[in-house]
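> Listed here are the chains, written in short residue letters.
2 protein chains.
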Amino acid sequence: MHRLAGPNARLIGKPGGLHELTTPAIVLDLEAFEQNIGVYQQQINLHGLRARPHSKSHKCAEIARRQIAAGAAGVCTASLHEAEAMVGQGINNILITSPVVGAGKLDRLMQLLKRGAMVAVVVDDREHAASMAAVANQSGHVLDVLIDVDLGMGRTGVSNIESALQLVNVVCDAEGISYRGIQAYSGRVQHINEFAERDLVYTGQLHFLSALIAALDKRGLKPAIVSGGGTGTLALDCREGILTEHQAGSYIFMDVEYGAVNLRANDAVAPFATSLFLHSTVISKNVPGRVTIDAGLKSFATDGPLPRVIAGAPVGATYSFFGDEHGCLTFPTPTDCLPLGSIVAFVTPHCDPTINLHDYLHIVRHDTIVDIWQIVGRGVL
Amino acid sequence: MHRLAGPNARLIGKPGGLHELTTPAIVLDLEAFEQNIGVYQQQINLHGLRARPHSKSHKCAEIARRQIAAGAAGVCTASLHEAEAMVGQGINNILITSPVVGAGKLDRLMQLLKRGAMVAVVVDDREHAASMAAVANQSGHVLDVLIDVDLGMGRTGVSNIESALQLVNVVCDAEGISYRGIQAYSGRVQHINEFAERDLVYTGQLHFLSALIAALDKRGLKPAIVSGGGTGTLALDCREGILTEHQAGSYIFMDVEYGAVNLRANDAVAPFATSLFLHSTVISKNVPGRVTIDAGLKSFATDGPLPRVIAGAPVGATYSFFGDEHGCLTFPTPTDCLPLGSIVAFVTPHCDPTINLHDYLHIVRHDTIVDIWQIVGRGVL
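Which chain is which? The protein sequence lines are Y and A, in order.
Just so we're aligned, residue 1 is where the first sequence starts under my numbering, counting upward by one.
Just so we're aligned, residue 1001 is where the second sequence starts under my numbering, counting upward by one.
Same shape as in the complex, but just chain Y (with noise of 0.2 Å):
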């Protein structure tokens, strides 16, 4: 097996080696994988914002390359341990974007400080913001700091004016680290499927965004950053222009929980196209109308809508769990059937988690496998 790019690394480049693929495994389609990272640089370089892109999404570094070449500043990542990999594989411009908390993590968030990556971390305690100062002053770095501001999800973030002045005066003084700006980011607004009910209850969670940074300039504190939004609020991020830095994520995969949010008002035609896929294998076949495939909740993310079958089965299949490691497909009529070996191909529930239990992902153009990208910043620690 090789070990960077698993069990199909014998098919790249060998026409038609799409369906010689051993299942389960993602795939990229990249030609629609590229116009998303083409339509979504070009929205943000309309509006005069910065693209950092979630690498959450993908935790994959040949796509934060991608993205950086495309135009991003660098990529935003969730925890230090995707800050890691994406050093380790050369991505050298992170925001980590949750609050990065006990000694231990400071200890190795200093290390990549020293590796010379520029990382920036949010913070949302004066406390913590003390002692992460501490430990950079102590190590001889300095620590660029966003203050984290809660938008009404109650995750993390300071959620009044008097916390955030407060919060920045703490940094503003502390030695070994340095106030860069703010993050805003809006969790659940994001997967509000009608358009002009998220522009509503965005619009209200922005005005509070509006007056902190009111507040903050008649300081002389007018934050040089202000970092945030996803692929559910760009439209509206790049029209109110609140916003110096954008986070979407899933914009390069869209998955079926995004295939419902209508992006843009009015909106005949998405601004981006499915490119992310799991194809899997008809593995048993002895119950009339249905078939056992080898896709299941080790395969797909559970937290959201069922997976989507796009191709390889009668219309009207449907997919349901059958276990860890197993799924089921049922046609709309009894006597439909497939072959076991067929292969049926699925649009991701959600992308992230589903991503998250993958190794390699198949870069795909028509039916080649041109490529094979390893997911480094899987696995949680």
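Since the hints were made in silico from the structure, they are not lab data.
No experiment lies behind these values; they were computed from the predicted model shown.
Backbone N, C-alpha and C define an ideal beta-carbon position, used for all residues, glycine too.
Only true hints are included.
Partial pick of chain Y residues on the chain A-facing surface, computed with a CB cut under 8 Å: (1) A78; (2) T281; (3) F321; (4) G341.
Partial list, derived from the structure: chain A residues whose beta carbon lies under 10 Å from chain Y: (5) L1011; (6) H1081; (7) D1150; (8) V1287; (9) G1323; (10) L1340; (11) H1350; (12) H1358; (13) D1359.
Using the hints provided, position chain A relative to the given structure of chain Y.
Coordinates of chain A only, in the frame set by chain Y:
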């Protein structure tokens, strides 16, 4: 970062090192784990069974080695990929418990035989049996085969005596494959919580299995191996004496799901102890009555019950998912809080897909990390 032991490698052997673990990290209590292996093997020996524990639960070669050292004949794997990972680590006696379908996978299977591994497979289709035989024959190998029998779940296997007999005949007649017996695993029954109800359902399924074995015996085709069973049916499998080989997996860990299953009739104390835990860190505390921790749906399986707090938080604290990398810990009283950096320990919801999310098992005796074992079989290709 230590490539084979992850970022916590430096803590191995350090007294109290458990408290310095960077998280999210899964932790194995060695004492409880060793006790579980011992209790299981003792039960198996007492009833004249052979143990072939299912490594789909742990995907860890070191655990397989210990199960074999305790008396197991070998291990089961759910997939060819897991079998390759095990053989790569020197575990050479394997039953792959799902049909291995497709030319690419059969090639890979032949590679395992060529390396000298004793790998047996299951089959539930006559044409598939013939294809496997042809491939094995052409490679100059004889592949050991069990007939997969469906006890009622309808996932894989033959579900009636007539089909089973026809399939056994195909296997016996073909060169390149060797009829070694049958596999009869009943999945959903394992998780019927009440012993009496589980007993009733499973006993009904075993009547069919006995009838099948009798029919085979009558034709001179008595199966040498009857492989099946799980943690939930262990007591019943021991009592009934129909299986020759037992495939339990979760008994080594015991998760929230199995914690709810009454494993023996009139059982005051469960035979197995919880040995597997996830440690997580408090990373944000700006909302009264709850904190955000660094373990979300990339750390815990989402298909089963919720993770259960076991240590490090006020009594009554409950977990809820809060996105890919975050969990929410809600306290019973709004004035409760935990400092940033606090470690909270959980019993894992469903152990198999939880383990599959992680790269390293941290092996703990009291509060010292005595070793770190790699989860070599994770990833789903």
